[in-house]
Amino acid sequence: MPIQEVFDLVVKHTCEVMPELDGHTFVATDSLRDLGANSMDRAEIIMMTLESLSVTIPLVELAGANNIGELAKLIHDKSTS
Amino acid sequence: MITGLGVTTAVGQGKDAFTAALFEGRHAFAPLRRPGRSMPADGSATAFLGAEIAELAVPEAFPARVLRTASLSARTALVTIAEAWHEAGLDDVDPTRIGLVVGGSNVQQRELTQAHARHADHPEFVRPTYGLTFMDTDLCGLCTELFPIRGFAHTLGGASASGLLAVQQAVWAVRSGQVDVCIALGALMDLSYWEFLAFRAMGAMGSHRFADDPGSACRPFDRQRDGFLFGEACGAVVVEREGVRRHPEPYARVLGMATAVDGNRNPDPSLAGEISVIEGALAEAGLSASDIEYVNPHGTGSLIGDDTELRALAECGLRDARINATKSITGHGLSAAGAVEVVATLLQMREQRLHPTRNLVDPVDDSFGWVRQESVPFAFDTAVSLSMGFGGLSSAICLRKWQ
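Those sequence lines, one after another, are chains A and B.
Heads up, the first sequence is in the working numbering, so the first residue is 32 and it goes up one at a time.
Heads up, the second sequence is in the working numbering, so the first residue is 74 and it goes up one at a time.
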């Protein structure tokens, strides 16, 4: 699965969790926190993405991501390694 | 004093729609259809009858991101509190002087059942927010996030007496000085097919006799009744201490109230318990039975429950008061019922009119002051409302029209 597809899933679920972002143009350097996601929102977005990909990664291993691009890459790398 | 009311039921959302439905004696009984509540369509069990809210109108002011993870009970709580909040004019009150008591426990069972089913094969993907939403206290968190309530907020469980116990707790909170204003909510009890199967198995829930005629199935105090019918509902009651601020038109003053536990874990009603709360509420009010003009009973349609309640009312000298059964129209809101029935009592008091009792064709006891098929104009100031719950709970409140 290309990283772009993971990125698109993160964006899709971010918009589900925060419908007010509908229409926002997401870029890799967007940080979920700066977009207004609190810790519950961020956990929710990540879990929804993992479920969409049917991959199990402990959330703690994804905590280092600073933005959506890094998050997509982390999920991608850990799900294909 | 009571200064604001909110109500959401299957026969109407908001006081105007609800009042109209009450006086017309409209009903919404049908096979229950909500996902997680209706029986699987494999013919393994007959449908449950009850009344469901067709479409909850939610004000746009509530953010979509919050509503996404808000249960039906929570969304209904928000819209119902909003109605009561605006009527009471609480935007002017110091938030630290406002409290919230959410009446009900285990009120989100249907959504829990759905959440479990959704992830039964992959529990590792359970939503993090489930860690918040599975608790009834999520309603407190949501309501205090969206309304400036900063005095206190907690839930209070008392089975089908929860709604009235919440009103009583709100009265205590303002009497004690803990807060100046307290909102009592009877939360919508959103049950799944598991709870309904158990209610049916224990013989509490109708309707076997009227399975093919939902409109006739809910019949409190009628000889043909065969158990309660569920009805989705939620009620909000704003209680304020007198003398703190002026309010143009309060509904009523709470004159007296009482609760009892009968030392009984079972669903059985207790004649002694019911008598004691009626007498207790009257004693605190400083009234005698002949002063009570209207009784809003618990009246679920339960065989033994309705009989016991009428015996208690008769022994307390309340045979001459006018009486109807709100649940004949709304169904049994369980945790919501006590609050919804305080709302129904006060709306009738304001309109000086009593709603009919649906399906009351052949009353168990004909000697009471029944309101039957049609609503009737009735000038009255003083009322008693009763709520009982499984586990030996009885409760009563005595209200007098504001003047």
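Wrong hints could be hidden among the right ones.
[Unchecked claim] Here are the in silico distance ranges between beta carbons for each label pair:
(1) Asn69(A) to Pro221(B): 39 to 49 Å
(2) Ala130(B) to Glu36(A): 30 to 40 Å
(3) Ser85(A) to Asp285(B): 41 to 51 Å
(4) Phe198(B) to Ser62(A): 23 to 33 Å
(5) Pro104(B) to Glu36(A): 40 to 50 Å
(6) Asp89(B) to Thr87(A): 27 to 37 Å
(7) Asn69(A) to Gly316(B): 36 to 46 Å
(8) Pro321(B) to Asn69(A): 57 to 67 Å
(9) Arg99(B) to Glu36(A): 20 to 30 Å
For the record, the hints were derived by calculation from the structure and aren't laboratory data.
Predicted, not measured: the structure shown is a model, and the values here were computed from it.
Think of the CB as a built atom: it goes at the ideal place given N, C-alpha and C, for glycine as much as any other residue.
Identify every previously stated hint that the structure contradicts and give their numbers, smallest first.
-> Numbers 1, 6, 8 and 9 - these are the hints that the structure violates, sorted from lowest upward.
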